[in-house]
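Asker: Listed below are the residues making up each chain.
2 protein chains.
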Amino acid sequence: MEPIEFRTEPSRYRHWRIEIDGEIAFLIMDVDPVGGLAPDYELKLNSYDLAVDIELNDAVQRLRFEHPQVRAVVIKSGKDNVFCAGANIRMLGQASYGHKVNFCKFTNETRLAIEDASAHSGQVYLAAVNGSCAGGGYELALAADHIMLVDDRRSTVALPETPLLAVLPGTGGLTRLTDKRKVRRDLADVFCTTEEGVRGQKAVDWRLVDEVVTRSKWDEAVKARAKALAQKSARPRDGKGVTLAPLERRTENGALTYSHVRVEIERDRGIAGILVQGPAQAAPASSDAAQALGSAFWPLAVARELEDAILHLRFNEPKLGVVLLRTEGDAGAVLDHDRFLAAQQDHWLIREIRHYLKRVLKRLDVTARSLIAIVEPGSCFAGSLAELAFAADRSLMLIGTREGDNRPPATFTLSEANFGLYPMGNDLTRLATRFLADPRCVERAKEKIGAPLEAEAAAELGLVTAAVEDFDWDDELRVMIEARAGFSADALSAMEANLRFAGPETLETKIFGRLSAWQNWVFQRPNAVGAEGALKRYGSGIQPSFDRERI
Amino acid sequence: MEPIEFRTEPSRYRHWRIEIDGEIAFLIMDVDPVGGLAPDYELKLNSYDLAVDIELNDAVQRLRFEHPQVRAVVIKSGKDNVFCAGANIRMLGQASYGHKVNFCKFTNETRLAIEDASAHSGQVYLAAVNGSCAGGGYELALAADHIMLVDDRRSTVALPETPLLAVLPGTGGLTRLTDKRKVRRDLADVFCTTEEGVRGQKAVDWRLVDEVVTRSKWDEAVKARAKALAQKSARPRDGKGVTLAPLERRTENGALTYSHVRVEIERDRGIAGILVQGPAQAAPASSDAAQALGSAFWPLAVARELEDAILHLRFNEPKLGVVLLRTEGDAGAVLDHDRFLAAQQDHWLIREIRHYLKRVLKRLDVTARSLIAIVEPGSCFAGSLAELAFAADRSLMLIGTREGDNRPPATFTLSEANFGLYPMGNDLTRLATRFLADPRCVERAKEKIGAPLEAEAAAELGLVTAAVEDFDWDDELRVMIEARAGFSADALSAMEANLRFAGPETLETKIFGRLSAWQNWVFQRPNAVGAEGALKRYGSGIQPSFDRERI
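Residue numbers (my numbering), protein chains in the order written: chain W, 1 to 551; chain X, 1 to 551.
For the record, the hints were derived by calculation from the structure and aren't laboratory data. A portion of the hints provided could be inaccurate.
Since the list gives no way to pick one copy over another, a pair counts as held whenever it fits inside one copy or between any two copies.
Unchecked claim - Lysine-lysine pairs mimicking DSSO-like chemistry, simulated, CA-CA at most 27 Å apart: (1) Lys319 x Lys180; (2) Lys202 x Lys448; (3) Lys202 x Lys446; (4) Lys446 x Lys182; (5) Lys536 x Lys448.
The following block holds chain W by itself, in its conformation from the complex (with noise of 0.2 Å):
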């Protein structure tokens, strides 16, 4: 099969426009039906499947970066009396279990980078549902700050899941409902049981909707309200946008090179190795310089080919179950950017970074593979790229030198970065989550901001998991790989999925770990998938069959 293509701009776009008045940039949804990944199921009624929702992340992405001037983003659909049938479901029933799976977390991720464009980058959302709006439909409606529905006695939304498909509102519907809009839960209940939705003023009093707008005034209350809504924004008037350059790749054998990321393949062993190269220059003196060198900017460029490695993997390479973290270059340099994106926070363009480049290392916490932190001589874990390290499940770090290798000792080295600007989604930064026993861990790392710590240091103060010698390290390494290669890769996944994210929880670690599990879990149930299942009988006429067993 060929590898899925993450990598997309609007001028190859099939399935959305974005057209932009001013402030207010309005997002169509137009799905092309025969535009899907696979050739054997149509996206009718504005269905959709990954390729729909990869050009939507692309979007959301793009509107950030490009469009400084935008405060306002309008969610609508092109076609006619449909707002969004959600995800295809014939696309659903013949998906292999795993792309499922990582179509859901894709999704959710979207839909999460929608509700952080709302929440920090001053572009509001606006859902105008403008038609029918089923499952997946109202679930990026949801994701929106505000929803409008047009009252015409037809257009509805619902979550019909659970009674035509017998799956869940797994794109983050479910906890939406009760923890985002905070429907009442015996409503919801009716709500997420009703095959054909809610409507009207009961779609308002239910707290499904937050105003319904008959058709004649429809155009005219949607424009008002993102003008409204775009009253709150604190973006630049006058922002030059940075385009986000094609994003170059050379593949060979499986490996990836991007110009600042490597990715490489271990097949046999099971191991990828994701490299992420500090650098090369200090760090731009000013945010016009920054801005001119667009999307060339290192943190920038970072972010963007460690997103991609990261979705590349997922997707193409189910079968490394190891990831092995790596950087290399001078930890000064990436200080160096540390330190500008800090001063320069409040910039339009410093902070989209910034939230970027959490997002990505977002991505990382949620990824179902064992992640490794390897800490060597040349490597340059220090600041943003020590977020790597607390993002891995363990990290190793090389005590002293190497025979042979005339490099100094790694070093590891923290900066005001770890301390705010990459929270996870249980909203505590790696460090607090890391050090929850005892918050004054968390004080005595700070007291270290920017002191090159060797591994015994480092150690000591628990930021890595073991400071290893030399004559160890090979055999430590490979002792470690090889376990986690031996040991069932569910087991792994369920057990990461619970020792990364201690703490509170919060609607986003709620919608990965509460919601996703259970949808995961339907996921695998013959009453969903199985011969007679819902989601294999849809459309066919005959009605599924189920067993009656409460689990």
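Given the structure of chain W, go ahead and fit chain X onto it with the hints provided.
Answerer: Quick look at chain X alone, frame taken from chain W:
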């Protein structure tokens, strides 16, 4: 198959002994290898199955009610050199999927009951780990307030589930590591992938245990520690225990009749009805009078009977997907008892009863059945019993009277009990969770304490889902039940598990949400349960064969 029986008492225990020495109780695990539920596995090395945990649950309960003078409980092993080897693996390997899931739910509830006793009952638990302690054994220790480990170079604590069995430490293990003991995530990762576990000072340094003590000082140190823990307790030194008399239950054609609870079954429609009867008398005049009633005191009797009914339905009637919750009796008498419980809540016995009712209601919250409360003339959904309606996925209330029925219209009445006596696992009351969107709704409800609300008023306040006219009633109920019966049992369980827990997550909800959902997922994966999976191959001498695909 014989139905599983949850009623037991110390004289019938085969696996546990309770030894009481003044303010300290020793709860001694000494599993009879041939005393398991099924004959085809041996419970070696203090490994356990449901039979063992049913006794533990009973013991924890009886210590609270029957032994008010006990202020510290020491869990220890009655065998040499082994504390507990965890859940029996052959049992897990052969158990049905549904049994595994319900077994884990029950054992989780038992461990939470231990923590509840430490937190609310002043019976502080100490785990005296005097030998090897693995898997569910360590998870049992994790439920204690304080863990002591013998320091003999041999005794370890371990969670070998992932490396050895391809499953999770799902009886709270992973969650208690990260959220209770706050073990650093990378150390937790090492620990959970190290089959042989961790011992000695390292176990203390990693926060896995609270102290290690050499064998020569062991007995003395355990006693001293137990005495110190007992100091913290507010248990009465002169309280007289209440014996939990054998629970009387009559069974006829699947229906169960207790003194105040009845369970009726419509097997063809997949319905169980639970009817709770209000008290026949007014509340006792004093706590002494309540104590004299003993386990016949109405709230205590109801708690015990309802709990037994819930557990029976979970394990023995998995195909009854809808549970109709009804009440019958005098609302005034229920409210009278609520006033008594509130007024006497500092009395140790009354406090125990309140927390017991709380735990039973929590069992409902995590029961994987559609719960529908039916509020009709003759019912007494008032105060404590109104919590049944708030625990339900929906509630239907009849407007006015029924033709040919001369009872007055149904009423729904709140009491102080609804505003704090029975928090859910998320630490909020059911009303606060219900009205997460607008706390003023809680205030509005509070103003109605004591007022008998007829259907439309109750619906207006959001206390019931729908107020239904007599002429619609039968149809409405029939259609709802038939629809529910027509949906996938799995999708309903998963949906309900999400909708019931709006708002914050706690250690407890994380165990039932994140951890259990993942464990239930793992329990379906071929790597664990397939013919070549780890649970099936365990002890065979043949390595399991794993699919390496990461999901």
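Asker: Using 27 Å as the alpha-carbon threshold, which applies to Lys319 and Lys180: within, between, both, or neither?
Answerer: Classified as neither; 36 Å inside a copy, 34 Å across copies.
Asker: For the identical chains here, do Lys536 and Lys448 meet the 27 Å Cα criterion within one copy, between copies, both, or neither?
Answerer: neither (57 Å within a copy, 50 Å between copies)
Asker: How would you classify Lys202 and Lys446 at a CA-CA limit of 27 Å: within, between, both, or neither?
Answerer: For Lys202 and Lys446, the Cα distance is within 27 Å only across copies (26 Å; inside one copy 52 Å).
Asker: Which holds for Lys446 with Lys182 at a C-alpha limit of 27 Å: within a copy, between copies, both or neither?
Answerer: between (38 Å within a copy, 20 Å between copies)
Asker: Is it within a copy, between copies, both, or neither that the alpha carbon of Lys202 lies no farther than 27 Å from that of Lys448?
Answerer: between (57 Å within a copy, 26 Å between copies)
In this structure, the earlier hints numbered 1, 5 are contradicted, and the remaining ones agree with it.
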